[in-house]
Amino acid sequence: MRCDALAFVCIALFGLCACSPGNDTLYKESGYAMGALVEFTVYGVDAARAKAAVASAQSDLKFMHGNFDPWHPGSLARMNSLFALGGRFTAATSVLPLIAKSTELSRRSGGLFNPAIGNLIRLWGFQTDDPPPAGPPPTPAHIAAVLAQQPRMSDLQVTGVEIESHNPAVILDFGGIAQGYAADVLIEGFKLAGIHNAIVNISGDVRVLGSHGAQPWRIGIRNPRGAGVLASLQMNRDESVVTSGDYERFYIYDGKRYHHILDPRTGLPTQGAASATVIDAEATFADAAATALMVAGIKDWYAVAKAMGVKSAMLVDAAGRVYMDPATAKRIHFEIDPPPQVVLSESL
Amino acid sequence: MTRGDYAVLGLCALALPALFVRYGLPGSSGTQARITVGNSIYAQVPLSRAQVYRVPGVLGISEIEVRAGQIRFTHSPCQGQQCVRSGWAKRGGEFIACVPNRVSVSVLGQGAGGDYYDSINF
Numbered sequence: 001m002r003c004d005a006l007a008f009v010c011i012a013l014f015g016l017c018a019c020s021p022g023n024d025t026l027y028k029e030s031g032y033a034m035g036a037l038v039e040f041t042v043y044g045v046d047a048a049r050a051k052a053a054v055a056s057a058q059s060d061l062k063f064m065h066g067n068f069d070p071w072h073p074g075s076l077a078r079m080n081s082l083f084a085l086g087g088r089f090t091a092a093t094s095v096l097p098l099i100a101k102s103t104e105l106s107r108r109s110g111g112l113f114n115p116a117i118g119n120l121i122r123l124w125g126f127q128t129d130d131p132p133p134a135g136p137p138p139t140p141a142h143i144a145a146v147l148a149q150q151p152r153m154s155d156l157q158v159t160g161v162e163i164e165s166h167n168p169a170v171i172l173d174f175g176g177i178a179q180g181y182a183a184d185v186l187i188e189g190f191k192l193a194g195i196h197n198a199i200v201n202i203s204g205d206v207r208v209l210g211s212h213g214a215q216p217w218r219i220g221i222r223n224p225r226g227a228g229v230l231a232s233l234q235m236n237r238d239e240s241v242v243t244s245g246d247y248e249r250f251y252i253y254d255g256k257r258y259h260h261i262l263d264p265r266t267g268l269p270t271q272g273a274a275s276a277t278v279i280d281a282e283a284t285f286a287d288a289a290a291t292a293l294m295v296a297g298i299k300d301w302y303a304v305a306k307a308m309g310v311k312s313a314m315l316v317d318a319a320g321r322v323y324m325d326p327a328t329a330k331r332i333h334f335e336i337d338p339p340p341q342v343v344l345s346e347s348l
Numbered sequence: 001m002t003r004g005d006y007a008v009l010g011l012c013a014l015a016l017p018a019l020f021v022r023y024g025l026p027g028s029s030g031t032q033a034r035i036t037v038g039n040s041i042y043a044q045v046p047l048s049r050a051q052v053y054r055v056p057g058v059l060g061i062s063e064i065e066v067r068a069g070q071i072r073f074t075h076s077p078c079q080g081q082q083c084v085r086s087g088w089a090k091r092g093g094e095f096i097a098c099v100p101n102r103v104s105v106s107v108l109g110q111g112a113g114g115d116y117y118d119s120i121n122f
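Order-wise, the sequence lines are chains U and V. Numbering follows the numbering used here, with no gaps: position 336 of the first sequence is 336. Numbering follows the numbering used here, with no gaps: position 71 of the second sequence is 71.
Don't read these hints as lab results, they were simulated from the structure. Keep in mind that the hints are not guaranteed to be accurate.
[What the hints assert, rightly or not] What follows is a list of derived Cβ distance ranges for each label pair:
no. : chain 1 : residue 1 : chain 2 : residue 2 : range
1   : V       : THR74     : U       : ARG257    : 15 to 23 Å
2   : U       : LEU147    : V       : GLY38     : 36 to 44 Å
3   : U       : GLY194    : V       : ARG54     : 42 to 50 Å
4   : U       : ALA48     : V       : GLY87     : 47 to 55 Å
5   : V       : ARG49     : U       : ALA48     : 34 to 42 Å
6   : V       : HIS75     : U       : LEU85     : 45 to 53 Å
7   : U       : LEU268    : V       : ALA50     : 42 to 50 Å
None of the values given here were measured: they were computed from a predicted structure. From the three backbone atoms N, C-alpha and C, an ideal C-beta is built for every residue, glycine too.
Model the full assembly from the supplied sequences, consistent with the hints where possible.
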């Protein structure tokens with residue numbers, strides 16, 4: 001008995017020490033890059049290797065920002081200027097994959113995800129945070145004039161590396177997809193660098209790879225209508241979670257709140273949903289789909305999700321009610337007490 | 001039970017709190033928070049001591065309060081006030097950021113048990 005007990009306790013204590021999910025190999029780096037809060041987490045390699053991989057990712061992110069920013073001199077700003085002039089020209093090749101993705105996802109969303117509405121974004125003043133938009137909101141006549149131009153991704157024609165727009169009003173703004181796309185690109189870079197467990201978080205758009213040792217990565221989803229974290233989610237090994245919300249950028253004018261996610265059909269800030277979360281293997285898709293579901297709102301989110309091929313989604317309305325499909329409900333763990341009212345849809 | 005068994009159990013009882021302190025439990029509240037300005041660590045503060053920190057960011061002073069093991073923004077020079085509305089953070093891995101003022105706080109998980117949240121989606 002004595003020997004058995006001693007052996008058991010020794011083995012148990014040794015096992016506890018050996019199996020504890022130590023973070024000796026967990027490397028985290030966060031900061032601001034190009035106006036966005038960016039966080040990198042790498043697990044399972046030594047700090048020097050993780051640091052080198054993150055430095056390379058930072059460099060890639062800077063390159064992408066230079067190419068995808070429509071409002072400062074760079075590749076996309078140049079292309080937007082040339083769309084207005086008409087005619088065919090050589091596109092910036094780094095932007096072409098994003099144009100192809102955006103065109104496809106815009107079509108699948110029935111135009112609710114529409115990165116061609118840069119004119120509308122500029123009309124509202126949401127193209128910049130420096131200085132932050134303060135209102136007043138544009139007049140109905142101005143909005144109607146911009147909507148009448150009907151800029152769409154399908155106005156663009158790409159032939160090889162050449163591009164032309166059949167609509168001079170097209171101004172591309174990839175704000176609803178570029179961060180997800182960047183997260184996917186950076187995770188692919190980690191894979192090439194031999195990193196098998198990592199998280200890239202760009203302004204809240206999260207893409208994970210692998211796991212945190214024996215545990216899956218656990219991601220908290222911010223509460224759009226209250227303090228702290230609404231729910232948490234244990235991630236699959238190569239997966240992303242992206243939320244589009246009306247709380248991130250907005251201004252209040254004459255007591256009324258105007259947020260930055262615009263409905264391409266009305267030209268006004270979206271209504272109904274406070275946030276839309278999409279879980280998918282690809283952050284690019286999740287980002288665009290979350291934007292489309294915000295535009296679709298509580299009434300139409302399910303139909304749009306079905307049309308786009310979304311497999312997992314959660315929306316929160318202004319009253320804090322949660323709408324989601326059964327598969328998502330099985331994975332979501334609410335972190336608020338009492339938990340919110342949940343309205344389940346059919347399976348996606 | 002022999003005297004030796006009792007001795008072993010006694011050792012075990014002494015060792016467990018030490019292991020808890022060393023490794024912590026995932027999901028437990030953090031004991032410290034890190035305040036970051038831009039890409040630099042401004043301070044690492046205990047959550048056990050009530051205190052208000054005035055942190056200079058790019059727009060002005062962010063006021064950050066620590067009380068009862070939690071941390072929050074109480075004042076910010078930013079327009080949106082999203083950081084102030086975010087309320088308290090207390091679990092390892094939770095963080096609140098004022099992007100316009102470039103000031104953020106993150107709660108550090110206890111011991112190597114790690115953070116409850118590995119990252120926050122917003």
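Range first: 47 to 55 Å. Now tell me if the beta carbons of ALA48 (chain U) and GLY87 (chain V) are that far apart. Taking Cβ atoms as reference, ALA48 (chain U) and GLY87 (chain V) lie about 38 Å apart, which means the hint is violated.
Whether the CB-CB distance between THR74 (chain V) and ARG257 (chain U) falls inside 15 to 23 Å: 22 Å, holds
Holds or violated: the 42 to 50 Å window for the beta-carbon distance between LEU268 (chain U) and ALA50 (chain V)? Cβ of LEU268 (chain U) to Cβ of ALA50 (chain V): about 45 Å, so the range 42 to 50 Å holds.
Distance restraint hint 34 to 42 Å, applied to the beta-carbon atoms of ARG49 (chain V) and ALA48 (chain U): Because 35 Å falls inside the window, the suggested range holds.
Do the beta carbons of LEU147 (chain U) and GLY38 (chain V) sit within 36 to 44 Å of each other? Since LEU147 (chain U) and GLY38 (chain V) have Cβ atoms about 40 Å apart, the given range 36 to 44 Å holds.
Taking the CB of GLY194 (chain U) and the CB of ARG54 (chain V), does the distance hold inside 42 to 50 Å? Holds, at about 44 Å.
LEU85 (chain U) and HIS75 (chain V) - C-beta distance against the hinted 45 to 53 Å: 48 Å, holds
Hint 4 from the earlier list is the only one contradicted by this structure; the remaining hints agree with it.
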